[in-house]
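J.: One-letter residues, chain by chain:
Protein chains: 4
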Amino acid sequence: MKLEENEIFNSYFKNLSDRERAVFEGGITLGALFHQFVGAPVSLKNKELLEKSIEESMKNQPCVEDIKVEIVGDLKEDKYVSLDGNMLNVKLKIKVNNTIALLRLKYIKELNYPLMYVEEIL
Amino acid sequence: MKLEENEIFNSYFKNLSDRERAVFEGGITLGALFHQFVGAPVSLKNKELLEKSIEESMKNQPCVEDIKVEIVGDLKEDKYVSLDGNMLNVKLKIKVNNTIALLRLKYIKELNYPLMYVEEIL
Amino acid sequence: MKLEENEIFNSYFKNLSDRERAVFEGGITLGALFHQFVGAPVSLKNKELLEKSIEESMKNQPCVEDIKVEIVGDLKEDKYVSLDGNMLNVKLKIKVNNTIALLRLKYIKELNYPLMYVEEIL
Amino acid sequence: MKLEENEIFNSYFKNLSDRERAVFEGGITLGALFHQFVGAPVSLKNKELLEKSIEESMKNQPCVEDIKVEIVGDLKEDKYVSLDGNMLNVKLKIKVNNTIALLRLKYIKELNYPLMYVEEIL
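Chains as they are written, first to last, in this note's numbering: chain A, 154 to 275; chain B, 154 to 275; chain C, 154 to 275; chain D, 154 to 275.
Be aware that a few hints might be false.
Pairs count within a copy or across copies, as identical chains cannot be separated in the list.
What the hints assert, rightly or not - Derived pair list, reagent style BS3-like, types lysine-lysine, alpha-carbon separation capped at 27 Å:
id	residue 1	residue 2
1	K221	K248
2	K246	K259
3	K155	K232
4	K221	K246
5	K198	K229
6	K167	K259
7	K167	K205
8	K232	K221
9	K244	K262
10	K167	K200
11	K155	K246
12	K248	K198
13	K259	K198
14	K198	K212
Keep in mind the hints are simulated off the structure, nothing from the lab. Quick caveat: nothing in here was measured; it's all calculated off a predicted structure.
Produce the complete structure using the sequences and hints provided.
T.: Dropping the structure here:
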């Protein structure tokens with residue numbers, strides 16, 4: 154982005170503290186990741202490439218400092234499934250100025266639900 | 154959700170203030186909405202139904218109090234397009250206890266970008 | 154579409170018989186439907202609206218004469234799930250000149266797989 | 154897939170000629186690819202990885218012998234866009250017994266539309 158664009162962009166976030174901005178951007182990225190890639194055909198053959206591709210795609214989003222995507226579940230070599238939200242284990246690091254938020258998308262067995270939450274804000 | 158599940162669910166958010174939780178859930182919902190429905194075939198024939206369907210789908214998400222989706226752009230009766238992110242004008246109201254966050258997804262001409270941001274936290 | 158556009162459009166399909174064109178367009182529509190809407194938040198509250206919205210969205214696609222979408226599964230009023238491909242029961246009618254193809258997307262228990270297939274060509 | 158599953162699977166396609174089966178599976182794959190990946194964040198940084206990842210993901214689908222995905226358009230290093238259907242240039246090779254179908258997804262300027270069509274059946 155050009156400098157001028159950056160200023161316009163940031164002007165929309167002046168009403169948020171760094172912590173608030175961090176969890177807002179983190180929420181966007183987790184919601185986007187889930188709903189963009191759920192459904193994608195995956196097997197043992199393309200699991201690693203899909204994980205890496207999701208990571209690099211989401212690194213384009215604002216404030217994403219790092220992201221690690223793991224696709225869990227009993228994948229096979231010769232039969233694919235559609236990527237299910239319950240198969241996603243994501244660790245996301247968002248940086249806003251000096252604030253770091255560590256976020257997570259993970260299947261929670263007690264809830265039978267792939268939960269998005271904030272692990273820690275540093 | 155059952156009461157016990159609700160407690161487990163909420164235990165993951167104890168480290169966030171109500172404002173932080175509100176913008177986090179708002180971010181998730183905007184990111185989810187965008188990446189779920191972008192690409193959907195839309196024309197004048199199904200515009201209103203798609204808007205309503207996106208609204209009701211996203212109202213399932215945690216803390217979504219209200220949402221208004223408008224698909225803007227020069228749609229036709231007899232030729233469809235794939236829903237583009239730039240065509241989305243969304244007003245989202247998130248409620249966490251007594252805190253209300255008003256969020257927006259809107260195409261910003263100066264950025265040539267469909268921006269997700271927080272308009273106000275009450 | 155304008156008349157001239159229609160001619161250009163159809164010129165790309167001269168190498169296909171009506172039967173071939175019908176199953177090609179049917180395949181596109183089933184693949185599109187599945188990968189567009191899988192992941193969408195659904196509960197008993199928005200099930201019918203989502204079904205109707207998928208139908209009307211896909212009716213925009215070329216040669217779609219009729220379509221019936223049913224979301225099956227144990228949905229609840231107060232807890233949503235992400236739409237899973239196994240929950241889709243779709244009947245699709247494609248028309249190319251005088252040829253009608255009836256297609257289906259349905260979960261097949263023996264395959265543990267949501268299968269897309271052609272039921273009949275009339 | 155196991156042998157028995159394969160037989161059940163193929164039993165659903167006995168009513169199609171090899172040519173019909175080929176264009177049906179080709180249609181599914183093109184429709185799936187488009188609606189799965191449109192919307193994904195892409196810049197010069199992740200363009201190649203996303204192309205490769207789409208290819209390997211779709212190779213899981215039945216009868217896909219080969220596929221080449223090119224993301225066209227004026228991408229930048231430092232500003233991403235959401236993948237638009239008009240940016241997709243796809244060459245798909247489907248094999249059913251001795252029949253090969255070559256399919257294409259490509260933006261057609263005269264139609265202002267990303268067209269899916271069959272180039273040749275061999």
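J.: Just pull the numbers of the violated hints for me, sorted ascending.
T.: 7, 10
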